[in-house]
Amino acid sequence: MSAVTTVPEGTVNPYALSHLDSLESEAVHIFREVAGEFERPVILFSGGKDSIVMLHLALKAFAPAPVPFTLLHVDTGHNFPEVLDYRDRTVEKHGLRLHVASVQEYIDAGKLRERPDGTRNPLQTVPLTEAIQQHRFDAVFGGGRRDEEKARAKERVFSLRDEFSQWDPRRQRPELWQLYNGRHAPGEHVRVFPISNWTELDVWQYIEREGIELPEIYFAHEREVFNRNGMWLTAGHWGGPKDHEVTETRLVRYRTVGDMSCTGAVDSDATTLDAVITEIAASRLTERGATRADDKMSEAAMEDRKREGYF
Amino acid sequence: MTTPILSAEQLSATTLLRFATAGSVDDGKSTLVGRLLHDSKSVLTDQLEAVEQASLSRGQDAPDLALLTDGLRAEREQGITIDVAYRYFATARRRFILADTPGHVQYTRNMVTGASTAELAVVLVDARNGVVEQTRRHAAVAALLRVPHVVLAVNKMDLVDYAEPVFAAIAEEFTAYAASLGVPEITAIPISALAGDNVVEPSAHMDWYGGPTVLEHLETVPVSHDLTACHARFPVQYVIRPQSAEHPDYRGYAGQIAAGAFRVGESVSVLPSGRTTTITGIDALGESVDIAWAPQSVTLRLADDIDISRGDLIAPAVDAPPVTQDVEATVCHVADQPLSVGQRVLLKHTTRTVKAIVKDIPSRLTLDDLSQHPAPGQLVANDIGRVVVRTAEPLALDAYADSRRTGSFLLIDPADGTTLSAGMAGASFAAVAEAGGSAADDAEWDF
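One line per chain: the protein sequences are A and B, in this order. Going by UniProt numbering, the first sequence opens with residue 1, and the numbers climb by one from there. Going by UniProt numbering, the second sequence opens with residue 1, and the numbers climb by one from there.
Don't read these hints as lab results, they were simulated from the structure. Some hints here could point you the wrong way.
Partner residues aside, some chain B positions facing chain A, computed with beta carbon under 10 Å [to be verified]: (1) I97; (2) Y209; (3) T213; (4) V214; (5) P242; (6) L285; (7) A335.
Here are the simulated distance ranges between beta carbons [as the list claims (entries may be wrong)]: (8) G211(A) <-> V380(B): 49 to 55 Å; (9) R97(A) <-> P322(B): 50 to 56 Å; (10) E130(A) <-> E201(B): 52 to 58 Å; (11) R128(B) <-> E130(A): 16 to 22 Å; (12) N229(A) <-> D416(B): 43 to 49 Å; (13) G239(A) <-> D249(B): 32 to 38 Å.
Just so we're clear, the structure is a prediction, and the values are computed from it rather than from any experiment. Heads up, the beta-carbon is just placed ideally off N, CA and C, and yes, glycines get one too.
All chains, full assembly: derive it from the sequences and hints.
And the structure:
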C-alpha cells in the first residue's frame, strides 16, 4: 500500500491516487459508514476472492481494532472442500464469528426441494433471507461487483431490501456523491456492496499488491473434471458425472468459486498471481460467461434472482 | 486499437477517472459508449454473443448494442434506458468508471446522480441540430454539479460532410453558454461515433481538427486538484478504540479526507464545538504517514482527549468553515413525492444527519423551458430550485462551489427514509460566476 504514493511516470500532480488506492479508499469509507449507522451488520463470506478482498478491506478499515461485524456463509452443501477449509482457517485467524446457513439442512428438512438440474445456487436465497431475519441483520455486505453482470451494473452501493429481502430495481434511491442513505424500517435491511466499482482485474491486482492468501483452486492444478454444456465441472459427491459423461484429468483453475454443480473450471497453466493477472488481462470471456451456468438460464436470470432476495 | 497486455506493475500505476455521459435519445450516446467499451476490449465475447442472441430473438438483423447497457427487463422491453448504469473500461494509461445516464428530461435526477461523482461530463450534440434545449439542460446540470471538466462531443459529423464551420459554430455557441454558467473547462471535439472518427482513432476526414480524440482527452485530463488551493476537511466517520492489551490507549478518528491535505503537527479545530488540538499521528490503513490528502481514507490521532464523535468535522484551525443552522442551497428534487414549504425533513451532510425544516422555497427553475418561477410552494420530481432550510443542530457547511464533498447534502423523508433532494449549499452557480467576473448576461439564470 502506497500512502506516500508512488508517482506514476508522466503524472504531473503527485497527489493523484493510483486507481487501486482510490478504490480501496472508497471501499473503506463504505465499511465505516455502515459501522457508524447500523446496529447489526454482517459480511457475506464464501471463501471466494471477492469476499476475501472484502474481509481484507474491513480488517484495514478498523485496524488496530477488530472488525466490528460477524460473517455469514450460505453453504450450498456442494462447496469445494479447499474453500471451506480456507473459510474456517480465516475465521479462526482473525478471531471472527461465523454464522452458516445450510442449504443441505433445508433440503433434509423438506423446506427446499432439489432442482432437476442439480443446481443449488438459486436455492441459496431462502436460507440467506431467513438467516437475515432470524439474526435481525440490518446491513448485509456482499462482494457483488457491477462489472459482473448487466443487472448488477444497475445496483446501488446501498441497496434497500424489503422485509422479504426483495430488490425493486425501479424503486431504488438515487445515490449522490458519497452520501449513502441507509434509512430503513424495522424488518427491512440494506445490502451493501463496497467493491461495486471494482473489476475482476482490480480484484486480482489488489490481491497481488496486498499479498492476500487465496484458496488454491484459484491457481492451476490437475483435477478430475467432466464436460457438461461446455463447462468443466469437478467430479464429486454432488452428483456428477452422469452415466454418459466422461471424467478426465486436466490442468485447470477457477475464476470464481461457488456451487460445484454450476461453477466451471477454465483450462489454465497459471500457477502464480502474475500469471493469473496476465491471463485475465488477455481473456476474451467475462468470469461469469466463462464459468457460471446459472446466469445463462435466461436473459434476466440475475435480475430475477436478485428481485427474490439473492445477493 | 489493439489492447496491449500490460504487466501488473504497469496496470496498477494507472489512475482512475470517473465521468458521466449526457445526451438526448438520438444523439448517439449508446454508439459512443459502445465504441469506447468495444475498442478498449471491455466488451467480451460472451457478452457480445448474448447481445447477438437476444437481438436475433427479437427479430433484429444486427446486434443492438444498447442491450449491453440496458440491464433491466423493463429497459429492454421499452427500449429505453431508465436508470444510471456504471461501466468499467481501461487503457494503458487510465481506468474509467462511466456513469451512463439516461437522456430523457424526466430523468434529470439520474443525470444529477451520475454527475455528482463525475470529474468529467461528456455532452453529446447532433451536428445537424446543434445546441438544442436538451443540450442547455445538460450544460446547466454539469454547471450546477460543478463537474470540473466538460467535453462537448459534436457527433454525426459524417452527416454534415465533416464541415469545419458546422463544428466551429456549435462549439462557439456551447462554449459561450456553458462559460456563462460557470463551467470552468470546456473541450469541444468533432466526432462520428458510428464511423469512429475522433473517438479512439484520429479522423482521416477532419484534417482541420488538431485536438485530441475523445479517448485521448479522457486519458490525459488531470484528475486531482491543486491541494494548496483547497480547504482541508475531514468528517469524522467512526471512532476506533480497540481497548486491547496491545493497544490499551489507542483512540483514532477514522474518515475519508473530503478535501485538501492534513499533516502531522498541524493545529486543527473540531466543529461544531470549535475546540482546538494538534494532529499527533496519521494512520493510512496500516501505515503511519506524515501527510495525507483527499480522497484517502485514514485515521487521525489527536493530542488532546477531547469529545469527538461521528458527524464532527476536523479542519485546520486557521481555515475552519463557518458553522450555521440556516442553510441556503440549490436542490435537485429526486423523489416522486414533493418537497413543500414547512415540511420536516432529515438533512444528511457528510457523516452527520440532523432534523431540519424547509423554511422557504424562493424559486424554481423549470428545465423544460429554462424559465424561473418565484415562490412555487413545492418542488416535484426533477425540479431544480432554491431552498432555505433551518437545521436543529449547527452544521460546518462549506459552499458547494468551494467543496463538492462538504458543500453537498441530502434531504431525507423521516417517515420512510426516501431520499428527497440533492442539495448544494451556497449561492447559485450563475451568481458565483458573476462574482468570479464571468459575463453572466443571462439574468434568467440567477434563480
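Comparing the hints with the structure gives:
1. At its closest, the beta carbon of I97(B) sits 6 Å from a beta carbon of chain A; the interface hint therefore holds under the 10 Å criterion.
2. Because the smallest distance between the Cβ of Y209(B) and any Cβ of chain A comes to about 24 Å, over 10 Å, the interface hint for this residue is violated.
3. Checking T213(B) against chain A by beta carbon gives a least distance of about 18 Å; that is not within 10 Å, so the hint is violated.
4. Annotation: interface hint on V214(B) violated; nearest CB of chain A at approximately 20 Å, more than 10 Å.
5. Interface restraint check for P242(B): the shortest CB-CB distance to chain A comes to about 4 Å, inside 10 Å, so the restraint holds.
6. Annotation: interface hint on L285(B) holds; nearest CB of chain A at approximately 4 Å, less than 10 Å.
7. Look at A335(B): its Cβ gets to within about 9 Å of chain A, closer than 10 Å, so that hint holds up.
8. The hint said 49 to 55 Å for the Cβ distance between G211(A) and V380(B), and at roughly 53 Å that hint holds.
9. The hint said 50 to 56 Å for the Cβ distance between R97(A) and P322(B), and at roughly 45 Å that hint is violated.
10. Our hint of 52 to 58 Å for E130(A) and E201(B) holds, since their Cβ atoms are close to 54 Å apart.
11. The hinted window of 16 to 22 Å between R128(B) and E130(A) is violated, with their beta carbons roughly 58 Å apart.
12. With their beta carbons about 45 Å apart, N229(A) and D416(B) fall inside the hinted range of 43 to 49 Å.
13. Against the hinted window of 32 to 38 Å, the Cβ-Cβ separation of G239(A) and D249(B) comes to about 56 Å, which falls outside the hint.
When each numbered hint is compared with the structure, violations occur for hints 2, 3, 4, 9, 11 and 13.
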